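Enquirer: So you can see what is in the structure, the chains are spelled out below.
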Amino acid sequence: MISTSHVVRRVSGERAFRAATLSALALLSLFFTGIVVSLAAYTDWDTLFSTLVSREILFAIKLSVVTATITTLLSVTIAIPVAYAISQTEFPGKSIVDTILDLPIVISPIALGAALLVFFNTPIGAGIENNVLRFVFEVPGIVLAQFTVVSALAVRLLKSTFDSIDPRYEQVGRTLGCSKLRVFFRVTFPLARNGLITSGILTWARALGEFGATVTLVGATEMKTETLPIAIFLSLAGADIEKAVAVIFILITIAAVALITLRKISGKAYPI
Amino acid sequence: MIEIKSLSLQLGPFSLNDVNLAVDDKEYFVILGPTGAGKTVIIECIAGLHSLRKGEIWVDGNNVTSLPPEKRKIGYLPQDYALFPFLDVKENIMFGLREKDFPKKEMKGKVEPLAGLLGISHLLNRHVQTLSGGEKQRVALARALAISPKILLLDEPLSSLDVRTSKYLRLELRRFHEELGVTTIHVTHNLMEAEEMADRIAILDMGRLEQVGTPDEVFFYPRTETVSEFIGTPNILDCEHYKTLGHGLMEAVCGGISIILPYQGNGVKKIAFFPRDIHVSINKPIGPEVKYLRGVVVKIEPFSSLVRLRVKAGENILLAELPGDTFQSMDIGVGQEVFLVLKMRTLRIHC
Numbered sequence: 001m002i003s004t005s006h007v008v009r010r011v012s013g014e015r016a017f018r019a020a021t022l023s024a025l026a027l028l029s030l031f032f033t034g035i036v037v038s039l040a041a042y043t044d045w046d047t048l049f050s051t052l053v054s055r056e057i058l059f060a061i062k063l064s065v066v067t068a069t070i071t072t073l074l075s076v077t078i079a080i081p082v083a084y085a086i087s088q089t090e091f092p093g094k095s096i097v098d099t100i101l102d103l104p105i106v107i108s109p110i111a112l113g114a115a116l117l118v119f120f121n122t123p124i125g126a127g128i129e130n131n132v133l134r135f136v137f138e139v140p141g142i143v144l145a146q147f148t149v150v151s152a153l154a155v156r157l158l159k160s161t162f163d164s165i166d167p168r169y170e171q172v173g174r175t176l177g178c179s180k181l182r183v184f185f186r187v188t189f190p191l192a193r194n195g196l197i198t199s200g201i202l203t204w205a206r207a208l209g210e211f212g213a214t215v216t217l218v219g220a221t222e223m224k225t226e227t228l229p230i231a232i233f234l235s236l237a238g239a240d241i242e243k244a245v246a247v248i249f250i251l252i253t254i255a256a257v258a259l260i261t262l263r264k265i266s267g268k269a270y271p272i
Numbered sequence: 273m274i275e276i277k278s279l280s281l282q283l284g285p286f287s288l289n290d291v292n293l294a295v296d297d298k299e300y301f302v303i304l305g306p307t308g309a310g311k312t313v314i315i316e317c318i319a320g321l322h323s324l325r326k327g328e329i330w331v332d333g334n335n336v337t338s339l340p341p342e343k344r345k346i347g348y349l350p351q352d353y354a355l356f357p358f359l360d361v362k363e364n365i366m367f368g369l370r371e372k373d374f375p376k377k378e379m380k381g382k383v384e385p386l387a388g389l390l391g392i393s394h395l396l397n398r399h400v401q402t403l404s405g406g407e408k409q410r411v412a413l414a415r416a417l418a419i420s421p422k423i424l425l426l427d428e429p430l431s432s433l434d435v436r437t438s439k440y441l442r443l444e445l446r447r448f449h450e451e452l453g454v455t456t457i458h459v460t461h462n463l464m465e466a467e468e469m470a471d472r473i474a475i476l477d478m479g480r481l482e483q484v485g486t487p488d489e490v491f492f493y494p495r496t497e498t499v500s501e502f503i504g505t506p507n508i509l510d511c512e513h514y515k516t517l518g519h520g521l522m523e524a525v526c527g528g529i530s531i532i533l534p535y536q537g538n539g540v541k542k543i544a545f546f547p548r549d550i551h552v553s554i555n556k557p558i559g560p561e562v563k564y565l566r567g568v569v570v571k572i573e574p575f576s577s578l579v580r581l582r583v584k585a586g587e588n589i590l591l592a593e594l595p596g597d598t599f600q601s602m603d604i605g606v607g608q609e610v611f612l613v614l615k616m617r618t619l620r621i622h623c
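Chains as they are written, first to last, in this note's numbering: chain A, 1 to 272; chain B, 273 to 623.
This is chain B alone, in the form it adopts within the complex (with noise of 0.2 Å):
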């Protein structure tokens, strides 16, 4: 178990402050946070690289705080993977087994199993500078897991690859966490890779800790508005009851309009979508009346090159996004009724 006690630190411009922290043994933990949060400086702090003024840090119940980086036994996992260039991938893997005197005659035993389950077997007798981003995310993974670490700190692992690989390389580093059981901590600004992956987040911004909670709670249950706005600012609407239609579908009543969805089997307690995925018509779509909501315009906002229209609909005050030119087009006002269209497959359910 990882504890960070009231951690904070003052960098030039950049402070951390009162960070408090616990993440549980063989847990994945993503800490998200825009750019210039503070993310990369709690991993760093974890790892041993800032001397701290204030605050602690604990590994299984021992005050690591004054421990150099040598002596914490923690994998790290820069974000441009710093592989050593003038060594080749299976000296890099090897490195920190030669610091530790380990036996030469079972370094091989060491590095080809590792090699093979991060699937880089073939590429061990490379030199580093051939290698692909993808696969130097690999080699460095092996080259920090080598070690055999207690805690493993990923710094945005996956930001420098394509979107492919990106995908690709969630599930794997998710497959290798099983496999190997190492506490996971992982920071990332992309809301999407922090959901895919993680045990349980903690958003971070302007150096402070907003919210620690499982996907589901920080993302249904945002505590504050800076969360709520990292998130993408989605509508949450609480449901009351629900009713099964058959055909795999299910209508949810959540403050007083109806919603269809699929079917979810357990109920629902929670509806979420993005302003984004709300369609605003001033006429009445064509088609049965469940597959749309009426509403009355009660706000109208710029928002960058959009507008952001507040729509009372049932009990709810839900927030829609539309381009500045379809807004202008559709010439609507304070008042004035609209049609929500909502997209089935981009509803977020909370059961």
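Pulled out of the complex, with its shape left as it was, chain A reads as follows (with noise of 0.2 Å):
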């Protein structure tokens, strides 16, 4: 028989637990809200809109979109087969390659970035450079340090969704006529399709506030490598806070929207 202490002993404790961790998450939302708060009591708005609609941040925007886009759609593309080939395909070494394609989320950009500058230094670097495409402080060189941060972020994304997939629809897709290929393109396709948008979503988002590896490839110039994270470093290091908070701004912005899309895009998804 279960006595009327023990009762009250359990209830209290559940109560205490629920207070903790609602405790927490109420601190961490705070910290996150008084962060933009702040930044929003130490904005002068007429500056804010002044800055945006000047030719250096609406150059970093311009670059920014236009170099996150293109590195969100090569990540993508590649990371498509790539996550296929690791979520369904069995071969010797799987785990090996599926840790190295990991390293670029856990290795600082920066780092990235400094491999990126010594391999340029090499004779096959060296050799691409002077004859394919030149990298290193140039707008190209933008596009490959953020597709070299975020295109594991992309195969990790979309591994996980071809992962969710039950092989059930692919097998009965074969029955119906489809070839492997084709089956891929009819039926794992559109069921992956939700997990593509995220992926998308979360890449270019990433993309968009790379900073470790771009600078240390491209450097910081202004008008040419300026990209918003960079517009950001080069108003701090001219002491133009104003001008720092009007892209960070900016930044938060586009991050709450890419958000707000997940959501809704997540709300939509197919129980597979």
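Note that these hints are calculated values from the structure, not bench results.
Note that the structure is predicted; figures quoted are calculated from it, not measured.
For every residue, glycine included, the Cβ atom is placed at its ideal position computed from N, Cα and C.
Be aware that one or more of the hints could be misleading.
Restricting the straight-line Cα-Cα distance to at most 25 Å, the calculated cross-link-like pairs of lysine-lysine (DSS-like) are [claimed, not checked]: (1) B:K372 - A:K180; (2) B:K343 - A:K180; (3) A:K180 - B:K362.
Counterexamples of contact, computed for chain A against chain B with all Cβ distances above 10 Å [stated by the list, open to error]: (4) T21; (5) L30; (6) T43; (7) T77; (8) A111; (9) V172; (10) L191; (11) L196; (12) I201; (13) R263.
Reassemble the complex: the two chains are provided individually, in unrelated frames, and hints are given to aid placement.
Expert: Pasting the structure below:
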């Protein structure tokens, strides 16, 4: 028989646990909200709007959006077959390959940028620089730096999408007349649609905010390699805090739009 | 005709061992076995979903072992139906037709009669996620049948449905089979489902084929202990002679004991009844002597929460099952005389 004191103890224990978890949640939410509010408090709104339409910031927005979009298209295009192979195929050394593909996620972006810089000082890298396309201190270098950092993220996100698809769908598609390639486009691709969009949005947002590898490989040249994060860096370096705050607001707005879109998409997911 | 020749396959810890099987044209063939027996793997091999290291699969005299699934013209209904969630019902059914470049104008003429036969015409514009289990099964069946397959493979098609729907769909599946005449292989772990639906049954256990035969052959002539156990270890008695009693009854003499049963007309070769359907009593039941059998307990074995008694009655050793607590209250020992009552409706008769 359960005693009254036991029930009281259990209820108070549950309340304490609930209070502890909700307090942690409130603290962290307040921390992030506090940062945004402090930015808003610091901002002179006239300066913000004039900064937003300045030539330099419009250039940074355009460069960031264009490079992040190219990087995303490249990353997702390559990540689709790579993630599918890792998810659906068994081969010797698979776990080693899987680990290698994860490395860029955990390595510091500055280290990755430095590694790229070193690569372009090798004979092969120098050959590419001189005969194919210049990357170091040039705009294509921004795309390369972003790609190096975010492609692994795209692979990881897409792999989890392909992992979640029941192989039965493909099997049924095969018996209904599809070849292996056709079944990928007619069955797997539509099933992975939401995962592909999610992966694209997160990859794009991550590429847009990439700084460490980019600044190491292409430097921080105003109106040349000036992406939004580099614009923040240059503004702070020049003690132009208001300009930095304006750019931070742009990045926060883009991130918020991306996250809201993601929530909308995940609400429409198929039960696969 | 489908022929499986010396099929062996290793899939992780599971293996199929030298399976040989022949399924006739237009036959409704059921592969029956416990979970993990390898039933699904066999039909996946027929569908071409596994590459075989040993063995061959022939369809209508052609070796299809190395053909990919899309070239085999096989309709496959997986256990969970796997309806494409990004398509509506009509598009699901037309999926295979589109792949075969079936003329658009003729698609309607193909889909609508099929939907009519399966009773899903009213569902064609519905989204598959809004369908019930039984509706999903019919839509998946329509999708598989739309490509006019030579063979239909059904993997536990009724196991995820409630009892009522499942019973109804057993009859429906048989009806579709009679109307369309497609050679069908149906996989199940449910003995009653297999007996009700099959022209022939194959019993599979641990990747090995134990027996193939008509439902009566498998039930009354179990070839191995495994088969007997799988079908519920029935008592099967050979009957020597019989006589008509009138009032729709007859009396058969089987191994020296007399059993009253409903009139069968053609005579009686064997009578079977399950151990659970024997009522055991230590006191002589009230009523005429023909309504019970006398026997002597020769062995007592605990069996899960039950107790199994082996009772010598006439020349037969009958197996009876009692709940453990009932056995305790009866105080039965080896060598003791007991009375066995058989319920007439539980008798299974082979003529």
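Enquirer: Out of the numbered hints, which ones does the structure contradict?
Expert: 9, 10
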